[in-house]
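Visitor: Protein chains in written order, with the numbering used here: chain X, 1 to 554; chain H, 1001 to 1315; chain S, 2001 to 2306.
Any given hint might turn out to be false.
[As the list claims (entries may be wrong)] Cross-link-like lysine-lysine pairs, in silico, DSBU-like; alpha carbons within 35 Å at most:
| # | chain 1 | residue 1 | chain 2 | residue 2 |
| --- | --- | --- | --- | --- |
| 1 | X | 432 | H | 1061 |
| 2 | X | 289 | S | 2079 |
| 3 | X | 479 | X | 185 |
| 4 | X | 507 | X | 186 |
| 5 | X | 171 | H | 1052 |
| 6 | H | 1052 | X | 181 |
| 7 | X | 211 | H | 1061 |
| 8 | S | 2079 | X | 413 |
| 9 | S | 2079 | X | 290 |
| 10 | X | 282 | X | 494 |
| 11 | X | 229 | H | 1081 |
| 12 | X | 205 | X | 186 |
| 13 | H | 1221 | X | 422 |
[As the list claims (entries may be wrong)] Distance ranges between label pairs, derived from CB positions:
| # | chain 1 | residue 1 | chain 2 | residue 2 | range |
| --- | --- | --- | --- | --- | --- |
| 14 | S | 2031 | H | 1090 | 53 to 61 Å |
| 15 | X | 366 | H | 1180 | 53 to 61 Å |
| 16 | X | 232 | H | 1157 | 57 to 65 Å |
None of these hints come from the bench; they were simulated from the model. The C-beta atom is built at its ideal place from N, Cα and C for all residues, glycine as well.
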Amino acid sequence: MRSKAIALLLGALSLLVLGVGCVSTGQPTATPSIKATAAPGTTPAAAGEEPKYGGWLIDRTNDDPPHLDPQQVLVHTLHQYGASQSWSTLLRYDYGSKVGPLDATVVGDLAESWQQPEPLVFVFKLRQGVKYHDIPPVNGRELTAEDVVYSYNRQSTKGWQNSEFLAMVDKWEAPDKYTVKATLKKPDAAFLVTLASGYNKIIAKEVVEEKGDLKQGPVIGTGAFIFEKWEPKAAIHIKKNPNYYHKGKPYVEGVTTLLMPDDSTAQAAFRTGKLDIFPTQKVTADTTKKTNPEVALNVSAGSFSGHNLVFNTKKPPFNDERVRDAISIGIDRKQIMDTVYFGEWIYTMGIALPGSDWQISQEDLAKSYTRDVAKAKQLLAEAGITGYTGELTLAYTYSTYSDAGEVLQSQLKDIGFNMTIKNVDSPTYVSKILPKGWDGDIYYGPLGLAPDATADLMQMYHSTGSRNSSGHNDPKLDKMIEDQAGEMNLDKRKAMLLEIQRYIQDKNYRTMTGAAKGFTLIQPWLKGRYFSFDSRRNRWWEEAWLDPAKPRNR
Amino acid sequence: MREYVLRRILLMIPTLLGVTVLVFMLTHLVPGDVVMVMVGESAQFDPENVEKLRQQLGLDKSLPEQYSSWVGGVVRGDLGKSLWTGRPVSETIMERLPVTFELALLAIAISSLLAILVGVISAIRQDTPIDYIVRVMSIGGLSVPEFWIATLIIVFPAIWFNYLPPMRYTPIFVDPWANLQQFGIPAFTMGVRMSAGVMRMTRSQMLEVLRQDYIRTAWAKGLRERVVIYRHALKNALIPVITMMGTQFSSLMGGTVIVESIFSLPGVGRLMLDSIQVRDYTQLQGNVLFLAIVFLTMNLIVDLTYAWLDPRINY
Amino acid sequence: MARGRQFTEAVIAERLAEKSTGQRVFKRLWRFCRTKPLGAIGGVLVLFLILVAILADVLAPYDPLLINPALKLQPPDAKYLLGTDQTGRDLLSRIIHGSRISIYVGTLAVCLGTLSGTLLGLIGAYFGGKLDLIIQRIMDSVMSFPMLILAMSLVAMVGASLNNVVIALAIVFTPGTSRVIRGAVLSVKENQYVDAARALGASDRRIMLLHILPNVTAPIIVLVSIQVAGAILVEASLSFLGLGVPPPAPSWGGMLSGAARKYMEIAPWLAIFPGIAISFTVLGFNLLGDALRDVMDPRMRGTDKR
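Pulled out of the complex, with its shape left as it was, chain X reads as follows (with noise of 0.2 Å):
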């Protein structure tokens, strides 16, 4: 009798003492402990459309990889086409109808789960049975923690980009077999985030220590497909998976990565159906539909990162707030925008944020950009500026930019500004114009964001920012930038960040003129894209799959 009531009172207080557990755990974080329930959300087929197996799907790039090492570099042509998708990551963003295209919301993908025991800790449980690829040497064994320490620690190589990405991690721990533990060195609330990105792909170590490095390969991982053939500047082949750890996918046999540095071709090979998907602007798509009335259209909401209009901060008279707002004010956003997009476009503030609904509303944001020639010129007169030649310096990677440019010009002369165009290419503006020590009066080009306003902030507003372009040393702007990033509490962040949003739109060191809508054609037979944040891979791919009832023209 006494050993059932101490039997009772045991199992009572071990509940009791678990219940304690799993609330202290629960902190209110950034991120909620998940389990892995179904796979994270996938695009419904429409009704009564199962996804069919075979085929094999045909995308494009521009051009070729220089080289095999996803962990010592960070182009599109190897983190998001070619053999992108023969390594996996420990985390990624989830997708379909339930999340909205810009939301980068944070699932696991090999992590089946984790946890925040301590603000700077992270424990991550791995999937079991995962296997890598059946290539030697690595023969198709099953991938533990050792090997995501292992990568993790590669990755952190100083010198290279990629350890950008893992530069807030102390250190990396395996404590067992599928136990994966990470110790920040200071509170990062973009930390799940960034981690979720793309580039962070867990490599095999045997290829390390057998070859020195990756660069000629062999690609090993333990990704939805198997690499199979590189032909040099013609194509990159790789072969479905069969033991993919997300069980059933993928559903093509195989991906295979044109690349065609032309647009014009690149469109005439999907008109002939030689290319099943394609990326592009509102004009060719129009013009594509005209001619193959059959493909579907998909227009996305638009993205954070668009046309950046940076000042010189350093550089009278740009370093007067006035002559910014002036500037700001007395340009036409809409005009500029309209005539390269044709209305297809949103406003944005170039900061790479969590969601949309933590953006400045777009009602706000085109209230307070729209044109008032008049307060610009009256915002001068008290700056004391009645009129200025200087440079427009333009990036001419696109002509989109170029035209947007020439439109910005001209308004520019309408406040009083006669700037002539100075084109550079990208190196150029890279080495020239990104880091401080630039002497031009104003840049206008494309931006490139990070997967988190953290580091966006950090880079482009910090005053010890690598890409602070503008040059601006702002304190108060400063603390605004390193508090939020350690702030763990979703509202409370979401807060700050709007603060920031109004404090940098008013202080005008930069601003964006607008993002476009990415318009991507999709041949008939083509099913599964979705379209999410995670666009820096084509996680898509393994999701596709293709109609044989549709008739194909190739």
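We have chain X already, so just place chains H and S on it with the hints.
Guide: This is chains H and S only, laid out in the frame that chain X set:
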């Protein structure tokens, strides 16, 4: 003769040296370097990482140091490693060479066929409307920018006939039909442009030869026009034409940049364009040097052929 | 052509006998048109181009730089004869003003290139020896460079602007010119009247400028006309690669590249008209140069039926 050849080969050396200096200076004076390009693709960079990478690639040393270490390698036959891919420069060149070579060969074949045909007709029917029409057309062929003809040829057949030439390179020995399909149109585009110069040369040579005495004799003998043209006139007229083709070939090897880019041909021209855009110094330097050697060697061969074919010239 | 003092005297006598300079020139021109009709057509095209370039401000109906996005990509109509481009500028005005840029780039680049090439070729051939060898080797080095890559690198180095493009093209065209001039000078150098001049105590400079140079003008003229055509096309290629004359300048090459290709299907006029402009200009220069070469090349003398 032997002396002449030897002297020419020896003279190539200072020229090539000049090329190395020129290409080294040009690549290094263009702003930006390969590390910044690698960085530019991503959205972030850490200056510390950038410096480390620069050190690894040897870009932190002084210019004279970099130059001497590069040239030192060249003299030993080592063109170095590409800064962008890490592969040996010569290996990549050898991979791309057959493509440009085949393109150049086909372009010259088409150009010569067209030009000789047109040039001969033009000369025989000198100053008649046919002469004028044909000459205007051939010059017209080179008056339109290359990238435009190429674009039109890609875009409109795709719309009208649902046709696109193969965009993946297959070597001619693997699949001759696909290969010729892919090379046919770019070779035609280039050939038409080049034919103007050769046509001109053919025409003037034919005109000169047709005035010669031995031709007059053949006419007087009553030989048919065709016999006179083919058997007697053409052969002699073609000597400088053939040598001109040789010169064109070597200049073509470096002039295929745009066509290769539009038609997705993995040739040497596109390699150079890509190298400039990513600031891959070693690759670009190696390429240019290689093409310079081809150019000078070709010139030498052309001059020697000229001397060999024309008995009047004696070195 | 002048061939020494004797000939010069004979020609002077002949000229004195004629009615007037104007009549003589007219007669020459007429003969040229009759014997070389294609060249005459070329000449007319070139003349037309130059006229348009000079009178651009008067001829163009609108400001070529005036942006009007509301009216972008309009097809040709009564108000905008050739349509509008992607920012609403009048295409006709842009093409008219573009002639200025093409003429500027074409002729200036070639003139500079010809000047430097002639100088180098002349000096090298005249003085011979080590100087000649060095100059020749340098010219060979530059020539062995693939032309487009050389032009690209030069422009990328100093930045793309109107004058930088001109200088880059001039450098590219210099070696070819120097080679031709050198050959011509070498053949003229051996002539007796040069020895005669030297015996009379003429300085090197005098000999080069007064005696040799006039006799090599023929190849120079031919080279210039053909190279101008080439320069215009190379600028178009550079624009295609993003290194040509920077926007918003209405360079024909620039108009053919970017937007024209992107909007080709909805606004073909953006490409057709600049394309026609370039083609006719290049055609004109080529036809003219061809005919001039025919006229001035001694080997072709007497081959005309008329």
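Visitor: Go through the numbered hints given earlier and state which of them the structure violates, listing their numbers in rising order.
Guide: As far as the earlier hints go, 13, 16 are violated by this structure, in ascending order.
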